[in-house]
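Participant: Each chain, letter by letter, is given below.
There are 4 protein chains.
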Amino acid sequence: MNGKSLKTKISPEIRLSIRESQDSIRVKVGGFEIGGDNLTVIAGPCSVESREQLLETARSVKRSGASILRGGAFKPRTLPYSFQGLGVEALELLQEAKAETGLPIVTEVMSVEDVEIVERFSDMLQIGARNMQNYPLLKRVGKTRSPILLKRGFSATIEEFLGSAEYILKEGNWRVVLCERGIRTFEPITRFTLDLSVVAVLKQISHLPVIVDPSHGTGWSSLVPPMAKAALAAGSDGIIVEVHPCPEKALSDGQQSLNLEEFSQMMQGLKEIAKAVGRTI
Amino acid sequence: MNGKSLKTKISPEIRLSIRESQDSIRVKVGGFEIGGDNLTVIAGPCSVESREQLLETARSVKRSGASILRGGAFKPRTLPYSFQGLGVEALELLQEAKAETGLPIVTEVMSVEDVEIVERFSDMLQIGARNMQNYPLLKRVGKTRSPILLKRGFSATIEEFLGSAEYILKEGNWRVVLCERGIRTFEPITRFTLDLSVVAVLKQISHLPVIVDPSHGTGWSSLVPPMAKAALAAGSDGIIVEVHPCPEKALSDGQQSLNLEEFSQMMQGLKEIAKAVGRTI
Amino acid sequence: MNGKSLKTKISPEIRLSIRESQDSIRVKVGGFEIGGDNLTVIAGPCSVESREQLLETARSVKRSGASILRGGAFKPRTLPYSFQGLGVEALELLQEAKAETGLPIVTEVMSVEDVEIVERFSDMLQIGARNMQNYPLLKRVGKTRSPILLKRGFSATIEEFLGSAEYILKEGNWRVVLCERGIRTFEPITRFTLDLSVVAVLKQISHLPVIVDPSHGTGWSSLVPPMAKAALAAGSDGIIVEVHPCPEKALSDGQQSLNLEEFSQMMQGLKEIAKAVGRTI
Amino acid sequence: MNGKSLKTKISPEIRLSIRESQDSIRVKVGGFEIGGDNLTVIAGPCSVESREQLLETARSVKRSGASILRGGAFKPRTLPYSFQGLGVEALELLQEAKAETGLPIVTEVMSVEDVEIVERFSDMLQIGARNMQNYPLLKRVGKTRSPILLKRGFSATIEEFLGSAEYILKEGNWRVVLCERGIRTFEPITRFTLDLSVVAVLKQISHLPVIVDPSHGTGWSSLVPPMAKAALAAGSDGIIVEVHPCPEKALSDGQQSLNLEEFSQMMQGLKEIAKAVGRTI
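Protein sequences, first through last, are from chains A, B, C and D. Counting in my numbering, the first sequence runs from 1 upward without gaps. Counting in my numbering, the second sequence runs from 1 upward without gaps. Counting in my numbering, the third sequence runs from 1 upward without gaps. Counting in my numbering, the fourth sequence runs from 1 upward without gaps.
Okay, chain A solo, but in the shape it has when bound (with noise of 0.2 Å):
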């Protein structure tokens, strides 16, 4: 088949993140390897509200088999009368109930300001789609030995994509995991359209890991779980989803996020999936 034709619509110009070995690579979060046999599970609230809601999410997505806690401490809004995120504090709160489930951590960081602080107090920095084009920063987060969670901007073409993986690539850091979070398109009931056919080419072009954010992607918790699964058979390494006790109380994204039980759910049929394609979670 034409995997290398592929390859041949993708500029010469980028050259770390596209390898001749088609074998992935696998990134350390904690004590959790991101894009081996055993496919990824992130999990965790939109934005950290406080020490309950975050514990109890924690502790119930560790059960049903999460693999890395996620949950916003800054948080990019439209709006600058949105809820911002609680800062350090969130941050806090991630190291607490990484202490008590073991689950490593992954948070966005903003700002090249911000990046030390949320590197000591987290296993994985998180790129978000607005800051994909964010040169200084992704610079910042190259020269760091941290596994960097690249989301792709919601306009982003595949080549700019894997030319924002090339920043951090060239600064030394090789711990670079691909996100597909939803891309702009002219339909309006979801929240974005989430694109899988470029996991499918990302798997063939490109060595890092690639994950799927099913939860922005569609917008809509009864989404979650069928796109979550259609990820997992385009071949994606995992997939990140919002959960939270009690979505309709979330102070973002309330609509998309799974609840707790829903979550648990939604772990069953992965399964199912994973060992269709060869893989467990």
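Please keep in mind that the hints were generated in silico from the structure rather than gathered at the bench. Do not take every clue at face value.
Some chain D residues judged to face chain A by a derived CB distance under 7 Å, without partners named [as the list claims (entries may be wrong)]:
id	residue
1	E13
2	T78
3	F83
4	P104
5	R130
6	Q133
7	N134
8	S155
9	E160
Estimated spans, in silico, between C-beta atoms of each pair [what the hints assert, rightly or not]:
id	chain 1	residue 1	chain 2	residue 2	range
10	A	C246	B	E248	52 to 58 Å
11	C	S82	A	E96	56 to 62 Å
12	A	L55	D	K143	34 to 40 Å
13	C	S82	A	Q95	56 to 62 Å
14	A	S50	D	G172	53 to 59 Å
15	A	E116	D	R145	46 to 52 Å
16	B	E100	C	R15	38 to 44 Å
17	A	E248	B	R26	33 to 39 Å
18	A	S5	C	Q265	55 to 61 Å
Keep in mind that this is a model prediction, so the values were computed, not measured. We treat Cβ as the ideally placed atom computed from N, Cα and C, and that holds for glycine.
Here the structure of chain A is known, so what remains is to put chains B, C and D in place on it, guided by the hints.
Facilitator: The following block gives chains B, C and D in isolation, referenced to the frame of chain A:
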């Protein structure tokens, strides 16, 4: 979860393609049923090019487990200088392939005047993406009793897609199968962007069967198997794929066609996914 | 500058709609010529609803300087439950309006079967955006000698737009006028996104006249005058706008229709722009 | 007309960039005012490449009637291997060009740390499209008293665009000028699709000045003059264009840069349009 909320996003004027009961209907095509536990695999060449090409393909896809044979007789091409299909001659060859293999036939009808002859030679009428809003054609096929494969327009919203289904249903023909085949986005590497979230949405709000075309949806044969798997995992009732004995010599769409061996291999993987979602192929 | 380079981006198979000479051809509609120094203003209601509505509009737009009268008889509507147009009755009313005002008539034809009757009652046939790739229809109007107003599909590339023009030209009808009417993008406030760069591109690579529809292109009457001005400044050979004596009571597209007074005012502004680009209205 | 209705489509949370009074504010940049009857023309090279290149361009555009000089010092490039700008050296050259020609300077700032130095050397800070949702950067420039040129993201909705303006305004800096520079669509011929309807919308709902970048918006120098005219006709308060003494040798964006003579010619045409809309250049 919020399957109910999703319905509130659809105009209340859309009524025939939205049903209270969540049960998918089944649409009979020849001896095969689309929409039941047994997943549908429609396979065959983009265009019928010759007796040998068609029969070789038909025998092979039948052996590999396809349930319905596709093949273009009247082809909608961007330029008038491109191969426009063999027309009635192709219809006769499709009949011959059916006689030999027992596979029912689906083929595209492009105009009101051709409905009668295409109906005579086929088991299911396809309305192509470019004709999704050709209302006289929709009304005309709504007056037949043939099963209709309605492809989504390149940039049709879900509401417009269902609006087109309404045109057929309103005339009394309830045998409508919806087909996602990729939408227009900014991404240049893939031919279209296959939108699998539309499958998840449609399965939650409509009773009509939904299938997916990963060949047109991606434009690359190497992307067809992973996206076919993803489609089934997302809840699709089946797939329609282009298969050609020698894709590099195809008169149309060779780049996205599987060869006979690739199709056979793909079917193995699909069987695993089918099992994972509690269905069969 | 790089008008020549722009041509290299178009498939060499497109040949009839691309001409060496940069001179725009002129297409005669009744006594009026589209493509000359005198800019074209096509105005009238979205749908012909009644004798009074049509005649009042026709008289008024004539007085304000319109050159051609538009009015829908056969309407392509997203849902089968919406007003579908008055059909032949509307065609007769358009004839009456022409007889009284002298304005030539353009109206949409939606199917091959209707071409003959629509031709009898009008001076120019419109192919709507939804039918831009209805190839049997394009071939059929290519066999007439009527001027054709070919609207760009919602998500048609420039190359596909010209490809559709080729279908008409190849049959021998060279009287094709291209019309940009807005494309699908992610922006929800406007109904479509009016793409004026396509006007600039087409004027550099094709000899066919180009006009713009700011009514459908924006969906808001308050945006029509500024975008009509912009269209003429970008090099458009004219505009087509929806005008209704009482937009809030219109059976279709009221939100985007100018009332008679607003149209008259807009014409004043357009005369200034016409002068600025060395043309007249 | 429905300027009022347009406002109802915007979230009521957006308040500082939407004002009751329809009067545009004026933003002073050096001795020049953006937003008044006199239209703004910002011109200069994509990147400052050398003393000669910059000074020659500055003198020439000044002679042709430009009001502000642009020139990139810190360049956001898709790949880390591309020319990244001369940095502080470029800022010093811009100062020299200002000293000689009297033209005030606008240049992009890409990170919080650079705000102070860029402010020292320029009269207006540009926030580029890729940083439109870099909230720490928006807050930081909101704390300055410099005029801000805020470019719309490639796929930012109008509401998100205004949301980003709110971040600056909320910090106390009211000197915000909005700039449309093209959005991502499916069309491959132009680099982006210049969305002039956003100009018409913004002029109806916001008091902030709006300008247009036809260079990035189209990607082709031959499309710049017609789209610049169209922008002014649509109600834009000005344009920002790339000019280079020798575009074919430019280190970035040569294809879309006007040469000095082309810029001068374009200015003649713009004067006519300005007059037609009751303004001056």
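Participant: Decide, hint by hint, whether the structure agrees.
Facilitator: Structure-based check of all given hints:
The interface hint given for D:E13 holds, since its Cβ lies 5 Å from the closest Cβ of chain A, which is under the 7 Å cut-off. A hinted interface residue such as D:T78 counts as satisfied when its beta carbon comes closer than 7 Å to some beta carbon of chain A; here the least separation is about 4 Å, so the hint holds. Contact between D:F83 and chain A, as hinted, is not supported at the beta carbon level, the nearest pair being about 12 Å apart and thus beyond 7 Å. Hint status for D:P104: violated, given a least beta-carbon distance of 26 Å to chain A, over 7 Å.
Because the beta carbon of D:R130 sits about 4 Å from the nearest beta carbon in chain A, less than 7 Å, this interface hint is met. Residue-level restraint check for D:Q133 holds (minimum Cβ-Cβ distance to chain A is 4 Å; threshold 7 Å). Look at D:N134: its Cβ gets to within about 5 Å of chain A, closer than 7 Å, so that hint holds up. For the restraint placing D:S155 at the interface with chain A, the shortest Cβ-Cβ distance is roughly 3 Å, inside the 7 Å limit, so the hint holds.
Interface restraint check: D:E160 against chain A, minimum CB-CB distance 5 Å, threshold 7 Å, status holds. A beta carbon spacing of about 57 Å between A:C246 and B:E248 agrees with the range 52 to 58 Å that was offered as a hint. Distance hint check: the CB atoms of C:S82 and A:E96 are about 58 Å apart, consistent with the given range 56 to 62 Å. Take A:L55 and D:K143: their Cβ atoms lie about 37 Å apart, and the range 34 to 40 Å holds.
Separation of C:S82 from A:Q95 is about 58 Å and conforms to the stated range, judged on CB atoms against 56 to 62 Å. Between A:S50 and D:G172 the beta carbons are some 32 Å apart, a value that contradicts the proposed interval 53 to 59 Å. Hint check: A:E116 to D:R145, Cβ distance near 30 Å, so the stated range 46 to 52 Å is violated. Here the CB-CB span from B:E100 to C:R15 is close to 42 Å, well matched to the stated 38 to 44 Å.
Range check, A:E248 to B:R26: Cβ separation about 36 Å, and the 33 to 39 Å hint holds. Our hint of 55 to 61 Å for A:S5 and C:Q265 holds, since their Cβ atoms are close to 57 Å apart.
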